[in-house]
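S.K.: Given the sequences, and given the hints that come with them, work out the whole structure.
Basically my numbering = 1-based index in the sequence shown + 1437.
Treat the hints as calculated values from the structure; they're not laboratory data.
Note that beta-carbon positions come from the ideal geometry of N, C-alpha and C, so glycine has one too.
Some hints here could point you the wrong way.
Unchecked claim - Pair ranges (Cβ atoms, derived):
| id | residue 1 | residue 2 | range |
| --- | --- | --- | --- |
| 1 | 1485 | 1668 | 46 to 54 Å |
| 2 | 1746 | 1576 | 40 to 48 Å |
| 3 | 1630 | 1497 | 33 to 41 Å |
| 4 | 1749 | 1497 | 43 to 51 Å |
| 5 | 1672 | 1568 | 17 to 25 Å |
| 6 | 1660 | 1758 | 38 to 46 Å |
| 7 | 1449 | 1727 | 27 to 35 Å |
As the list claims (entries may be wrong) - Straight-line alpha carbon distances no greater than 25 Å define the calculated DSS-like cross-link-like pairs of lysine-lysine that follow:
| id | residue 1 | residue 2 |
| --- | --- | --- |
| 8 | 1675 | 1688 |
| 9 | 1675 | 1730 |
| 10 | 1586 | 1481 |
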Amino acid sequence: HKVNKLLIDVRGNPGGQVRLGRQLLNFIFPNVGHPVHQIVDETKSIVNEALANITLYESEHFQDEAQLPLELDYMEIDKLFYSRGNRKRTTQSEDKKNGACASTCSQFVKHIGVKHLGRIVGVGAPYPVDRDIRFDVGMATSGSVYNYKSVQEIRLNEIYDDYEINRDKIPNKFYRIGTDLSWSNKGGYGFTDESSDQLLEYKIVDADFRVEYYPYNDSISVEQQRFSLYDEVLKREKELLDADTPSPPIKCLSWEVETNNTQTPNNCKESLRNDPYSIYGHPCSVRGSTEAKGRYSNGTAKISEYLTDKCIFSHCKVGYYR
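M.R.: Laid out in structure tokens, this is it:
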């Protein structure tokens, strides 16, 4: 079915399998470009050494199911990855789950944010102490998560007897019943050149605009209540951007580029002559030289109009990347 606008509600989403999030992203935004998967670093620790032995065993005996570390320069399996120490060692994340929009969900939304694939709306009540505080669109954006129970399972379950794990190095149970702990054992980096050395766990990706509405509650299941929220989002978008009246001058968020009817000989000629696999368009007049300069102090995007006398690169055609 053809739709003019797609709203993706990820409030309270705890994540899931990374590959499904990547597939959905690639399906909805075919111009997402490279990379689609995240680069991660694994922290060196005693517990991670035990986890590495599990990965080594599974990659050797269950190659059709296990996560295989990739050597990025030659795009081949790196068999020594988990047995070699280094200041920085990388591979691609596979699957994990934890949090709330967290984990895979957070990677999904922050991927959209750093590559500007769509507009992001922050929904909820404002922070009462500082109403100008920034709104991070996701949380717990690590490469993978482990917890206390998983480690104890390795220490006690006989299924791991063949994995050559030194169980004496694995911590014992907590003294108090009910004590729990979870942590990120891998840190994931950003998906663009500018964010490729920044851990998304700590990088704030801002919402483009906000809608003050009641906090999300899992007990809200009446469809009309959800539709009411979505209606508020659309009303706010129309208020800011005159979304239903696309007549000139068209309003835009600072990072947006208008590409409709721009690939013509009388318009953005660069895409036709010098760069045939790229899409060029008209930038927003408040586009900053950096991401921060195109946003207000609270992180929301500045709003203005498109510069129809100027053309800049927007994105690559599907199947190509820079």
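S.K.: For each hint, tell me whether it holds in the structure or not.
M.R.: Do the hints match the structure? See the list:
1. 1485 x 1668: 46 to 54 Å: 47 Å, holds
2. 1746 x 1576: 40 to 48 Å: At roughly 42 Å between Cβ atoms, residue 1576 and residue 1746 fall inside 40 to 48 Å, so the hint holds.
3. 1630 x 1497: 33 to 41 Å: Because 35 Å falls inside the window, the suggested range holds.
4. 1749 x 1497: 43 to 51 Å: Check passed, 49 Å falls within 43 to 51 Å.
5. 1672 x 1568: 17 to 25 Å: 20 Å, holds
6. 1660 x 1758: 38 to 46 Å: 40 Å, holds
7. 1449 x 1727: 27 to 35 Å: 32 Å, holds
8. 1675 x 1688: Given that 25 Å is the threshold and the Cα spacing comes to 10 Å, the pair holds.
9. 1675 x 1730: Measuring from Cα to Cα gives roughly 24 Å; hence the hint holds.
10. 1586 x 1481: 20 Å, holds
Hint violations for this structure: none, all hints satisfied.
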